[in-house]
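Q: Sequence:
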Amino acid sequence: MKKSTRWATAAAVPVAVIAASIVVPAVSATADVDLPDKTPQQVLALAASSSGASYSGTIEQTSDLGLPDVSTQAAGGSDSSGVAGALELLTGSHTAKVYADGASRQRVQVIDDLAERNVIRDGSSVWAYDSKTKEATHATLPDASGVERPSVLPDGTAVPQTPAELAALVLANVDPTTTVTAESDVSVAGRDAYQVVLTPKDASTLVARATLTVDAETGVPLKVVVDAKGQADPALSAGFTSVDFGAPAASVFAFTPPADATVTEATAPDRASGRAKAEGTHAEKTVVGTGWSTVVGVTPGAGSTDRASSSDTTGLLDQLTTKVDGGRVLETSLVSVLLTDDGRVFAGAVDAEAVQAAAAGQ
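Take this note's numbering: the last position of the sequence shown gets the number 362, and nothing is skipped along the way.
Worth double-checking, as some hints may not be accurate.
[Unchecked claim] In silico lysine-lysine, PhoX-like type, Cα no more than 25 Å apart, as pairs:
#	residue 1	residue 2
1	Lys-285	Lys-323
2	Lys-97	Lys-132
3	Lys-38	Lys-97
4	Lys-38	Lys-229
5	Lys-229	Lys-201
Hints are computed from structural coordinates only; laboratory data are not their basis.
Go ahead and model the full structure; you've got the sequences and the hints to work with.
A: Next comes the structure, spelled out in structure tokens:
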């Protein structure tokens with residue numbers, strides 16, 4: 001397997017682990033709100049019931065994982081839609097426009113300097129377009145129901161960005177390893193909201209807490225914050241600065257690639273059978289441990305695409321990782337990633353030693 005292909009997987013896995021273990025603040029919230037009392041469980045149920053809501057708004061997303069801000073390097077390189085693009089979204093601050101009309105129509109526009117990245121879903125049709133690279137990727141979902149929205153990055157790197165995406169991940173991880181408590185009511189983007197805090201009981205995780213802010217009327221998550229242990233500023237955050245709960249116009253979800261765009265038709269996974277249309281071409285995943293200290297291992301499939309071939313990407317990742325026995329390690333305040341010499345990738349919201357121990361047992 002090419003080193004560059006392994007690096008592409010390495011960039012995707014920490015995001016997936018963050019998504020699977022935790023979630024995400026950076027917009028201001030004002031207090032002095034007094035809503036009818038709800039238990040933490042009732043607030044979580046309210047959030048879970050909002051998946052088919054319609055709305056549009058502007059989101060501010062920030063990341064402080066102890067990594068250098070690579071937005072300038074990523075923006076200037078040739079791989080902005082691949083690994084460097086994923087790293088860019090995991091550092092610094094970003095603004096996005098989001099639109100939703102029920103469960104099968106969504107659009108996310110990540111606003112860059114003089115450019116933007118779009119993911120548009122209209123039923124079973126999904127487009128991803130990067131105006132800087134002029135690359136467009138189209139996929140037809142085999143089953144429009146229950147299929148998660150593809151990434152903003154055309155190569156499929158999944159970087160959760162909206163409060164709804166992050167909240168869904170938090171809700172999926174509420175189990176006996178988590179203490180859930182209610183916080184004071186607040187106002188976010190002019191909307192009254194409930195707050196709940198999820199605190200891991202597992203001492204080995206790097207996650208200190210996750211705070212979920214839920215619109216009192218619609219249940220739509222307005223803001224999600226993840227704090228790392230030993231760090232004053234939130235590690236990840238996403239929240240609305242403005243929001244409108246009217247249904248967006250149908251034209252918002254229509255997309256035709258520009259005439260000068262390079263268009264790729266992607267193979268969408270078949271969720272019904274649990275495998276891709278082309279067997280053996282997608283990554284195999286293993287899970288070690290449970291709860292907040294889970295470590296996910298990935299062995300890329302034979303057909304994994306090579307989206308990290310540029311020297312810019314290789315140099316950037318070499319700069320961010322440390323050589324260890326059997327591979328290289330990326331350590332952040334919230335997640336650790338091990339890239340083994342034989343091409344496997346292991347990541348978890350635990351320290352590097354725990355990830356290496358999990359890999360040694362596989």
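Q: Taken at face value, is the distance from the CA of Lys-132 to the CA of Lys-97 at most 25 Å?
A: holds (17 Å)
Q: Lys-38 and Lys-97: Cα distance at most 25 Å?
A: violated (30 Å)
Q: Could you grab the alpha-carbon distance between Lys-38 and Lys-229 and see if it respects the 25 Å cut-off?
A: violated (28 Å)
Q: Would the hint linking Lys-285 and Lys-323 be met if the CA-CA limit is 25 Å?
A: Holds, because 24 Å separates the two Cα atoms, which is no more than 25 Å.
Q: Does Lys-229 pair with Lys-201 here, judged by a C-alpha cut-off of 25 Å?
A: Holds. Lys-229 to Lys-201 sits at ~13 Å (cutoff 25 Å).
In this structure, the earlier hints numbered 3 and 4 are contradicted, and the remaining ones agree with it.
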